[in-house]
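Turn these sequences into a full structure, and let the hints steer you where they fit.
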Amino acid sequence: MAILDGKVPPGSIEEKWTNHKFNMKLVNPSNKRKFTLIVVGTGLAGSSAAATLAELGYNVKVFCIHESPRRAHSIAAQGGINAAKNYQNDGDSVHRLFYDTVKGGDFRAREANVHRLAEISPNIIDQCVAQGVPFAREYGGTLSNRSFGGAQVSRTFYARGQTGQQLLIGAYQAMMRQVEAGGVQLYTRREMLELVVIDGAARGIVTRNLRTGEIESHAGDGVILATGGYGNVFYLSTNAKQSNATAIWRAHKKGAYFGNPCFTQIHPTCIPVSGDYQSKLTLMSESLRNDGRVWVPKSKGDKRSPEQISDDERDYYLERVYPSFGNLAPRDVSSRQAKFRVDEGRGVGPSGQAVYLDFRDAIKRLGEHVVSERYGNLFQMYEKITGENPYKVPMRIYPASHYTMGGLWVDYNLMSNLPGLHVLGEANFSDHGANRLGASALMQGLSDGYFVIPYTIGHYLASAALPKITTDHEAFKATRSDVEARVAKLMSIKGSCTADDIHKELGHIMWEYVGMSRNSDGLKLAIEKIGKVKERFWNDLRVPGEATGTVNEELEKAGRVADFIELGELMARDALHRDESCGGHFREEYQTPDNEAQRDDANFCYVAGWEWKGDARPQELHKESLTFENVKLATRSYK
Amino acid sequence: MGGASQSTIDLKLKVWRQKDAATGGRFEDYDATGISTDASFLEMLDVVNQRLIKGGEDPIAFDHDCREGICGSCSMVINGNPHGPERSTATCQLHMRKFNDGDTIVVEPFRANAFPVIKDLSVDRTSFDEIIAVGGYVSVNTGNAPDANALPVPKVDADQAFNAAACIGCGACVAACANGSAMLFVGAKVGHLALLPQGRSEHNERVLAMMDKMQELGFGNCSNTGACAVACPKDISFENIVRMNREYAKASIKKRT
Ligand SMILES: Cc1cc2nc3c(=O)[nH]c(=O)nc-3n(C[C@H](O)[C@H](O)[C@H](O)COP(=O)(O)OP(=O)(O)OC[C@H]3O[C@@H](n4cnc5c(N)ncnc54)[C@H](O)[C@@H]3O)c2cc1C
Ligand code: FES
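Which chain is which? The protein sequence lines are X and Y, in order. Position 171 of the first sequence, counted from 1, bears residue number 171 in this note's numbering, the numbering being contiguous throughout. Position 204 of the second sequence, counted from 1, bears residue number 204 in this note's numbering, the numbering being contiguous throughout.
None of these hints come from the bench; they were simulated from the model. Where hints are given, some of them may not hold.
[As the list claims (entries may be wrong)] Label pairs and their calculated CB-CB ranges:
| hint | chain 1 | residue 1 | chain 2 | residue 2 | range |
| --- | --- | --- | --- | --- | --- |
| 1 | X | Glu138 | Y | Asp29 | 53 to 63 Å |
| 2 | Y | Leu52 | X | Pro593 | 51 to 61 Å |
| 3 | X | Ser492 | Y | Asp29 | 26 to 36 Å |
| 4 | X | Ser93 | Y | Thr225 | 50 to 60 Å |
| 5 | X | Ser637 | Y | Asn245 | 28 to 38 Å |
| 6 | Y | Leu151 | X | Val370 | 25 to 35 Å |
| 7 | Y | Thr126 | X | Asp5 | 35 to 45 Å |
Beta carbons: idealized from backbone N, C-alpha and C, even for Gly.
Pasting the structure below:
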């Protein structure tokens, strides 16, 4: 085991980033165009990074699996983005956002990163407004805010229920401007299938052209992965169908440490599963909990329709258990409470796997038009999917896999342990600890892309000795043939199960044993079962069609499922080793008498960084210990 | 249990199959039996595809990702309508409860000059990105922004700008248009940015550059039928085209003088 160094700069928490910016080396403006940077991913993190790096003068090559960069999964974010603007004059500050995020993450994030995020947050809003992002406004013309879980101030900026769309369009447009200006070369429908490492440094990638099947190589001076999270390891999740872990998993197998893989977020308010055909789960934004009240019947197995259940027969359990945060308790806590109620036999709907989110009182208090103004598009979305009208009957919701706090380990400069490999956005492990607060992922993606990487990568480029290399280098040739062999292998199995069959099977195991609550026996069983799934995959997979000359979505899926299987196993191992409960990681053996997560700071106050050791051996654990100098380590309470 | 119905229906599909842009295509018939009425249209196609793969056939290619009506990936023409018969609905949001047992459903790709078929129901819409690249933005580098509240924007303007900015770039407007015009797409972007003070200063250059690019890429002219706005899953208003025509005329005159 090695000790991981987060390379946190010295000085007081308020001064670290400012001093660090001054102390980092700069690349002379006329030298910037001599450097080629590879950016993989065009979500908020990737697009904002690509646009900004090209503005600075770097030569940027951008890759995404989508047909257009604007289709990245960030487009689907609904509720909003946090920033410590304190426009509401309700007591917000950089320090409070920092504090809320560290506490919300259950003290498993690096303080210095979180503080930087809070410091940068106001600049993000300024930048987005300047780009023409149409945030919600008050009649006086100033920006509006709403509240999200885990906070007692209103600091969330939003654009109706389409905040991610509007922010991504802003970043995408800024990037397209650089495409036109020649600073960005865009490679769409390209999937990164390998990282190329030369003399220990990340120097390029190998991609598959998803239209033609061609395997292509690209060399650069630095590689930036912004490929999103791995929530689809559960098969059913709120993530877009193509969201995947392949880029980060391939990098992991090339030496990058994987940070806290078991820290995944199960979002409390999603439309419940309805049948086998189900391909994804739809999120109902957390913002709904500003006005919606969550409840189940007080008595078990009460099958009456909701309007027949009077108020004193209802258990508004979040308000009961957490009087000060009520329906706005953080996500991990709210999800777990929903599970407890369902496990007690008090779930609602045909399968009993749901709870109510009720707007009756809000409609009474505010009128239907106000509720519709606030949440109209979400209500409409709900009605389209379920065929039920939430103005009349309460929504039925249940938790679903939504976000992954874990990801590739990075230091303060967002560089992994592999020199030159930088990781941004949901793909890294960095800022959210064991639980992310609502509206903080968009903030982190744009902070990483617009305001952090443009500085820190310059420092790397100016400090490293980077000999010129081309794709003729031996390492490229070898990596290419690895990729070709893998594709050929997937095509050659010709078994009887589809990639979806196997993915669903993996998903069931992950949800059952590595989901909302975990225990040692279950995790051991999961590891065993995942091993069997892996065997079935490599012996009985069927990929139809050809690998080249045309689009083959089944082949794309197969490659991603293969990686999800291995990652799923690592998640279980990580969850098994972490003998404590914290944030989204709830180990049944470690809970307080009133069923709250019980951390073990004496033994587990660290980031777990896992090192790949080859197919035959389990990963090795490395630790980055976390110190809390500015927020006192305390038991989280939302009561 | 998402919906409460729990019933299934049997359907006949006529689906356009085409290997690639260079090869001609044709309709093929498929049975889609035992489809849950709670499933979405894309989930129905998933079920059909899983059966095709297991039967040794090539699955039907179609674009999709978010499956909640926001990424603009899904396309296809269903019974003659881009994104199907429901108003304000993308294909991924269309649910099978809108169909009846025994229905025959005809499924084709979006058809337009500027959207060549890639395979089956999947078409190439990268021409939209090319239009954005020539001017669909505010030219502001990272780090140059004043405080976000320094310039108040009247709520009505912000709301209108949002309505235009809600475009998901799916291309249904182009597919619905007899001339394959992209006026609604371009009008929405021009409108979004023109309605905000941040976007005003380069407004003339923007509208000229985007319109010229649109023509260069093989999109047709607008003949004011309004079919685009009817097909739009996001209710982008035809107003955007009217506004853009006005602005284009003004910008052209300005450029000449
Ligand atoms: C339904 C939903 C609602 C949400 N709402 C909110 C919210 O209101 N507020 C909030 O803060 N957060 C929200 N989140 C979380 C947030 O949207 C995401 O965490 C964030 O957008 C991730 O951005 P990203 O740039 O890291 O990655 P993504 O947006 O996921 O982008 C990944 C990119 O990588 C590319 N890519 C992936 N793999 C490869 C590969 N192998 N090769 C090449 N390219 C690849 C993709 O094409 C894509 O361009 C929400 C999430 C969901 C699912
Ligand atoms: S799949 Fe994203 S809009 Fe339909």
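(request) Take a look at whether the Cβ-Cβ distance between Ser93(X) and Thr225(Y) falls inside 50 to 60 Å. (result) Holds, at about 55 Å.
(message) 25 to 35 Å was suggested as the range; check whether the CB atoms of Leu151(Y) and Val370(X) agree with it.
(response) Holds: the Cβ-Cβ distance is about 27 Å, inside 25 to 35 Å.
(request) Given the hint of 51 to 61 Å, check if Leu52(Y) and Pro593(X) actually sit that far apart at their C-beta atoms. (result) 55 Å, holds
(request) Could you check the hint for me, namely that Ser492(X) and Asp29(Y) are 26 to 36 Å apart, CB to CB? (result) The hint (26 to 36 Å, Cβ to Cβ) holds, given that Ser492(X) and Asp29(Y) are roughly 32 Å apart.
(request) For Thr126(Y) and Asp5(X), compare the CB-CB distance with the range 35 to 45 Å and indicate the outcome. (result) 43 Å, holds
(request) Please test the hint of 28 to 38 Å on the beta carbon pair from Ser637(X) and Asn245(Y). (result) 60 Å, violated
(message) Within 53 to 63 Å: is that where the Cβ-Cβ distance between Glu138(X) and Asp29(Y) falls?
(response) 56 Å, holds
Of the hints listed earlier, the one the structure fails to meet is number 5.
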